[in-house]
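Asker: This is what each chain is made of:
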Amino acid sequence: MQLTSHQFKARSREKLADANLQGALKKLQGNFVKGRADRVAELENFPAIRDAAAAIRARTLDHLDLYLEEFERNATARGAVVHWAGTTEDVNRIVCELAAKYDVKKAVKSKSMVSEECALNDALEAAGVQVVETDLGEYILQLAKEAPSHIVAPVVHKSKDQVSDLFADKHHLPRKTGIPELCKEAREQLRPHFVSADMGISGANFIIAETGSTLIVTNEGNGRMVTTLPRVHVAITGIEKVVPTLEDLSTLIRLLPRHGTGQTITNYISVTTGPRRAGDTDGPEHFHIILLDGGRTRLLGSDMQDMLRCIRCGACMNHCPVYQSVGGHAYGWVYPGPMGSILTPTYVGLENALDLPNASTLCNQCGVVCPVKIPLPDLMRKLREKQFEQGLKPKQETWGLTLWRWTAQRPRIYAMLTQIAARVLAVMGGSDKLIYNLPCGGGWTDGRDMPAPQGRTFRELYKASRITSTSRP
Amino acid sequence: MSARENILGRIRTSLRRADGDGVAERVRAHLGAHALSPRPQITGDLGAHFREKALALSTSIADVADVHGVPSAVAAYLSLNQLPMGAVCWSALAGLDWVSHGVVMEARPARESDKVGVTEVFCAIAETGTLMTLSGADTPPVTSLLPETHIAVLHASQIVPAMEEAWQHLREMPDYPPRAVNFISGPSRTADIEQTLTFGAHGPYRVHVILVHS
Ligand code: SF4
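So the protein lines, in turn, are chains V and S.
Our numbering puts the first residue of the first sequence at 1, with every later residue one more than the last.
Our numbering puts the first residue of the second sequence at 474, with every later residue one more than the last.
Accuracy of the hints is not assured; some may be wrong.
To give an idea of the interface, some chain V residues facing chain S are shown, with a C-beta separation under 10 Å as derived from the structure [claimed, not checked]:
#1 Leu-61
#2 Leu-68
#3 Lys-184
Keep in mind the hints are simulated off the structure, nothing from the lab.
The model shown is predicted, which means the values in this text are computed figures rather than measured ones.
All C-beta atoms, glycine included, are put in the ideal place defined by N, C-alpha and C.
Required output: the full structure, derived from the provided sequences and hints.
Answerer: In C-alpha cells form, the structure reads like this:
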C-alpha cells in the first residue's frame with residue numbers, strides 16, 4: 001500500500017469535513033465500543049485472562065526463534081512448505097513465483113493486512129494473475145480502487161448508497177438499495193470465482209507452533225472457501241503471529257473477537273494443517289506459508305518490543321478519540337489508530353510518518369482496552385523522543401522550545417516578556433475578552449476562540465495581593 | 474545466507490540469545506505441558522449452556538431422542554422452511570432411513586448447486602455454542618460450507634465445556650492434527666456495509682442443529 005502518512009494533517013482536515021464519514025465513525029463507537037464492554041463484562045475473571053494473554057504473547061516473543069523453528073518443523077512434517085521473507089518485496093516475489101509454478105490464472109483472497117503491507121495485488125496483477133478480494137468489505141474496496149480504513153471493518157467509511165452505485169456500475173445489474181440484497185449480489189458475483197480460482201491467498205491471525213497450523217477467523221465464510229476450494233493455498237503472515245500451544249491459542253481466541261467486533265466468537269475459526277490428505281475430496285493440493293519479517297525484527301529487543309504482542313483486534317482505534325474523529329485513511333498506511341501510529345513509523349521509518357506518534361492525546365484509552373496490555377501511549381511517547389533525538393522535529397517546534405527554555409531560565413526577562421504579552425493580549429481581546437485569531441497560533445484559534453488574559457500576570461497579581469495583605473493592620 | 478538464516482539470526486541477536494542458556498529446554502517443556510490459563514468456569518448443565526449460546530448465535534436446535542429420529546427432524550425442518558426435500562450428507566449418515574421421511578439423500582461431498590448439507594460434528598463447545606468439525610475422507614468440509622442450509626447432527630455426549638477440552642479430545646485422534654479443523658458458530662454473516670448485520674455472506678444462511686439425546 002502506498003505510504004501517505006506525511007499528509008496526516010491535510011487529510012485529517014478533509015476527513016473532519018466529511019459528513020458521511022463522521023456518521024459512520026459515530027456508529028462504530030456505538031457498535032464496537034459497546035460490544036467490547038458487554039462481552040468483557042461477561043467474563044468474571046477477565047483481568048486474569050487478559051494478564052495470561054499478555055504473558056503468552058510476551059513469552060513467545062522472548063523465544064521467537066525457537067517457536068518459529070518448531071512451527072516450521074511441524075508444518076513441514078505435514079506437507080506444507082514454509083518460506084521466509086525478509087521484506088515485503090520478497091513476499092511478492094515468492095507468491096508470483098508460486099503462481100507461475102502452478103500455472104495460476106486467478107487467485108481469490110481472504111482479508112490479509114500483511115498482504116496490504118506488501119501491496120501484493122498490484123504485484124500479482126503485474127504478473128498477469130487476476131486477483132479477487134472476497135471479504136465483502138475488501139471486495140467493495142477493490143471495485144472502488146480504495147484502501148481499507150479499519151483493520152477489522154475495512155469499508156466503514158463508505159455508505160450503503162455509495163455501495164449501491166458502485167455495484168450497479170461494476171456489475172451492470174439493476175441498482176439494489178437494501179443491504180441484504182447488496183450482500184446477496186456480492187455473494188452471487190463471488191461464488192463463481194471461488195469455484196474457478198487456482199490459488200487461495202489468506203492471512204493468518206495466528207500460527208501454531210505445536211501443530212504447524214495456520215488459523216484464520218472470519219464471519220463471512222470466505223476464509224473457509226479460500227482455504228478449501230482452490231488447488232493451491234498460500235498463507236501470508238508476520239513472524240510475530242506464532243503461538244506455542246492450542247491451549248495458549250484458546251486464551252487469545254477468547255479475547256480477539258470480543259475486542260474486535262464485540263462478538264463472543266467469530267462465525268468461523270479455520271485451523272489448517274498441511275495440504276489435502278490421501279482420500280480427501282477437498283482441500284488444496286499444495287499449501288505454502290510465507291513468514292514475513294518486514295521490519296519486525298527491528299522491534300525485537302528494543303524498547304518497542306511490546307508492540308509485537310499486537311493481535312490486530314482493532315480495539316485501540318475503536319476507542320481512540322483521534323481515530324473516532326478522522327477515520328483510518330488519514331493515517332496514510334495499512335494500520336490506523338494508535339497501533340498504526342507505532343507500527344507505521346517503526347516498519348517504514350520514523351521520518352516517513354512524523355505526525356503519527358503525535359496524533360494522540362495520550363489519554364490512554366487504547367492502553368486500557370488493549371487485550372494484550374500494550375502500553376501504547378508510552379510507546380508513542382518514546383517515538384516522540386526518538387524524533388527529537390534524531391532531529392526530525394519540525395524546525396519551528398525545536399526553535400520555539402529552545403527560545404522558551406532560554407527565557408524560562410532567565411526569570412527577569414521571562415517576567416518582562418509575559419507582562420508585555422498579558423497586556424497586548426488583553427487589548428486584543430477587546431470588549432468581549434476573546435481572541436478570534438492568534439498570530440502564530442492560527443492552528444489553535446481556527447477551531448475555538450481564546451479567552452483573553454486580564455492584562456496582568458499571575459506574579460504581578462500575587463505580589464500586589466501580598467502587599468495589600470501585609471499592609472493590613 | 475538465506476532469508477531464513479537472516480531472519481532467525483536477527484532474532485537471536487536482538488534477543489541476545491546464547492547457546493546453552495536453558496531456553497530451548499524451557500520452550501520444549503512449555504510445548505509439552507499444554508498448560509491451561511485462567512478461563513471462565515462453565516458449570517452446570519453443558520447441554521443447557523450450549524443451547525443458550527447457540528441460539529444467541531442464530532443457530533436453531535431441534536431435539537430428538539435417538540439417532541433414528543434424525544430423518545424425521547430433518548424432513549420437518551426442510552418443510553417448515555420451504556426448502557427442497559433433497560440433501561447431501563456425510564457418509565456416516567447415509568444408512569439412516571431417509572426414504573420413508575420423503576428426503577432424497579445423497580452421500581457425497583456437496584457441490585455448488587446443492588441446497589442442503591447434512592453433517593455430523595466432532596464435538597460442540599458449551600462456552601460459545603460452537604460446532605467443531607474435522608476434515609477427512611468421509612467428512613468433507615464443503616458440505617457444511619457450500620449449501621445455503623447446514624444441518625448438523627450433534628450427540629449430547631459430544632458437548633464439552635470449552636475449546637481446551639476439544640483440543641484434548643482431538644489429540645487422541647489417529648490422524649492428529651487433521652488437515653482442517655473448522656469451528657462453526659451460527660450462520661455466515663457480515664456487517665461490512667454500514668455495520669448492519671446480514672446473514673448468508675458466503676457460507677450458509679441457516680445452521681440447524683439436531684441434538685440427539687441418547
Ligand atoms: S494494539 Fe492492542 S488494541 Fe490495538 S489492535 Fe493491537 S492488540 Fe488490539
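Asker: Output the indices of the hints that this structure fails to meet, ascending.
Answerer: Of the numbered hints given earlier, the structure breaks none, since each of them holds.
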